[in-house]
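The listed protein sequences derive, respectively, from chains S and D.
First residue of the first sequence? That's 1 in this note's numbering, and the numbers climb one at a time after it.
First residue of the second sequence? That's 302 in this note's numbering, and the numbers climb one at a time after it.
Take every hint as true, because none was put in to throw you off.
The calculated PhoX-like cross-link candidates involving lysine-lysine, where the alpha carbons are at most 20 angstroms apart (straight line), are: (1) LYS369(D) - LYS202(S); (2) LYS494(D) - LYS538(D); (3) LYS365(D) - LYS437(D); (4) LYS202(S) - LYS365(D); (5) LYS369(D) - LYS203(S); (6) LYS310(D) - LYS365(D); (7) LYS79(S) - LYS90(S); (8) LYS117(S) - LYS90(S); (9) LYS203(S) - LYS365(D); (10) LYS321(D) - LYS437(D); (11) LYS117(S) - LYS94(S); (12) LYS521(D) - LYS79(S); (13) LYS397(D) - LYS497(D); (14) LYS117(S) - LYS79(S); (15) LYS538(D) - LYS473(D).
I should point out that these hints are in silico values taken from the structure, not numbers from a laboratory.
So you can see what is in the structure, the chains are spelled out below.
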Amino acid sequence: MGLNVNLCGIELDNPVIPASGTFGYGYEFAEIYDINVLGTFSFKGTTKDARFGNPTPRIAECAEGMINAVGLQNPGVDKVISEELPKLSKCFNKKVMANVSGFSVEDYAYTCARLDKEEQVGWLEVNVSCPNVHGGGMSFGTDPSAAAEVTRAVKAVTTKPVIIKLSPNVTDIVSIAKACEEAGADGISLINTLLGMRIDLKKRAPVIANKMGGFSGRAIFPVAVRMVYQVANAVDIPVIGMGGVSSAEDVIEMMMAGACAVEVGAANLINPTACRDIIADLPRVMKKYGIENLSDIIRCV
Amino acid sequence: MTQSVFTIKSNIALTESVYKMTLSGDCSECRPGGFVNIQLTGRFLRRPISVCDAYENTLVIIYKVVGKGTEQMSRMQPGEALDILTGLGNGYDLSKGGSHPLLIGGGVGVPPMYMLAKELIAGGAEVSVILGFNTKEEIFYENEFRALGADVTVTTVDGSYGVQGFVTDAAKGMEYTHVFTCGPEPMLRAVYKSIKGDGQFSFEERMGCGFGACMGCSCKTVTGYKRICKDGPVLRKEEILWD
Numbered sequence: 001m002g003l004n005v006n007l008c009g010i011e012l013d014n015p016v017i018p019a020s021g022t023f024g025y026g027y028e029f030a031e032i033y034d035i036n037v038l039g040t041f042s043f044k045g046t047t048k049d050a051r052f053g054n055p056t057p058r059i060a061e062c063a064e065g066m067i068n069a070v071g072l073q074n075p076g077v078d079k080v081i082s083e084e085l086p087k088l089s090k091c092f093n094k095k096v097m098a099n100v101s102g103f104s105v106e107d108y109a110y111t112c113a114r115l116d117k118e119e120q121v122g123w124l125e126v127n128v129s130c131p132n133v134h135g136g137g138m139s140f141g142t143d144p145s146a147a148a149e150v151t152r153a154v155k156a157v158t159t160k161p162v163i164i165k166l167s168p169n170v171t172d173i174v175s176i177a178k179a180c181e182e183a184g185a186d187g188i189s190l191i192n193t194l195l196g197m198r199i200d201l202k203k204r205a206p207v208i209a210n211k212m213g214g215f216s217g218r219a220i221f222p223v224a225v226r227m228v229y230q231v232a233n234a235v236d237i238p239v240i241g242m243g244g245v246s247s248a249e250d251v252i253e254m255m256m257a258g259a260c261a262v263e264v265g266a267a268n269l270i271n272p273t274a275c276r277d278i279i280a281d282l283p284r285v286m287k288k289y290g291i292e293n294l295s296d297i298i299r300c301v
Numbered sequence: 302m303t304q305s306v307f308t309i310k311s312n313i314a315l316t317e318s319v320y321k322m323t324l325s326g327d328c329s330e331c332r333p334g335g336f337v338n339i340q341l342t343g344r345f346l347r348r349p350i351s352v353c354d355a356y357e358n359t360l361v362i363i364y365k366v367v368g369k370g371t372e373q374m375s376r377m378q379p380g381e382a383l384d385i386l387t388g389l390g391n392g393y394d395l396s397k398g399g400s401h402p403l404l405i406g407g408g409v410g411v412p413p414m415y416m417l418a419k420e421l422i423a424g425g426a427e428v429s430v431i432l433g434f435n436t437k438e439e440i441f442y443e444n445e446f447r448a449l450g451a452d453v454t455v456t457t458v459d460g461s462y463g464v465q466g467f468v469t470d471a472a473k474g475m476e477y478t479h480v481f482t483c484g485p486e487p488m489l490r491a492v493y494k495s496i497k498g499d500g501q502f503s504f505e506e507r508m509g510c511g512f513g514a515c516m517g518c519s520c521k522t523v524t525g526y527k528r529i530c531k532d533g534p535v536l537r538k539e540e541i542l543w544d
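With the hints as extra help, turn the sequences into a complete structure.
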């Protein structure tokens, strides 16, 4: 059986990738399993400067999901390179995906250029879709020309595959994906979280200090499958599918919808061995559905 | 951190809304001031609950029913199984306690004081404990602390039992080498202001994962950003920054 897939020219042992923001820099998870079983993972979103993020509470629970408004907390690109990547390399020996966010086109280009030079970085995943940061993140991902501008600026200063991570909080995700492809993107990943909100009935106030946040978890899976299907049918570059994936069946469904690799997010937070368990279960599910090689089913629907 | 399945041995009400659950399973990583994170059927996020006691494959947790998850826990029966992450949180540093540590627990901040008192006493310390509650009906575990050999003072805000007032009223005039405390934030602030010398404070925050991955429970401290779940929940007095 073949679990291997190709992601923008780099071979992955399997298509399962922990999503940025749900896996830190890997070492919390390396405490309980060998994370080298993963295809790769996308590390915590990195910005030019250090960020604390939003005030707490940052988390709210929903039926079959959760809302987070962390707000891109990270130590900044300098410390990610000097402190986090050396630690990461001790528990993970494959190429890793660097997730980058910014507040201006220049920010994105600067941070990507820095991470592009790191040997272990295999791909740059450019987040133009964070719903939790005002004046940045998502504003670049809700307008095709702004998304294209970020893509062009990053491509101009990097050598590694650039994957643009899109927001579902838009009217027409296909037009944004196409604009990124035309601007030179090597791949598209989607979906980031859906903008959501919960209210505390006793306090008559939002549960989350930031009022709104990104909704993720099993509940959003059908929305993600639909958008992956739409985008994969509209572009000729690889698509990474994500959003509510929590089982081997979900991975296969995403791939049938058009994904060549699949990110797993919130599931890691409730079951730290989620990705390992999904990978271990893939052969069983492949056999059940008569799949010899996972790469054969990409975009088969 | 370890993920394993525990079996409920007993689950009893201590007060109208506070329950004690005893479980069997591998609790070798449980320590004073640490917590466990419990998966509940039909709930997306796990429920983080402090360790009250852990010995010989027996885990004791005491929890207050505050929402749907804890309400669901309160209805669980002996024999039922729970998927639990153990070994979470930094826990208290017992080596700082000295010869006469003072332990201050308020409400559901009382349970973690139990295993701490037990281990400090086993280590030869003379332990004083202040347990703070709103009213007599809410009191639990007073006798259990006495049975450990601790010097126990109970306070109630309404004066219906023990010393009338707050835990800080009972702490006035006491002599101690170090303070360990856990309770609601207003109590922690009051303790912080009133105690002499060094102390360790256990904080609560709404968590996503409970093991340091999601950055859902971060706080600012004198020594930088910390995750309550992984770098805490216990902070040293000198590193606390109040908002």
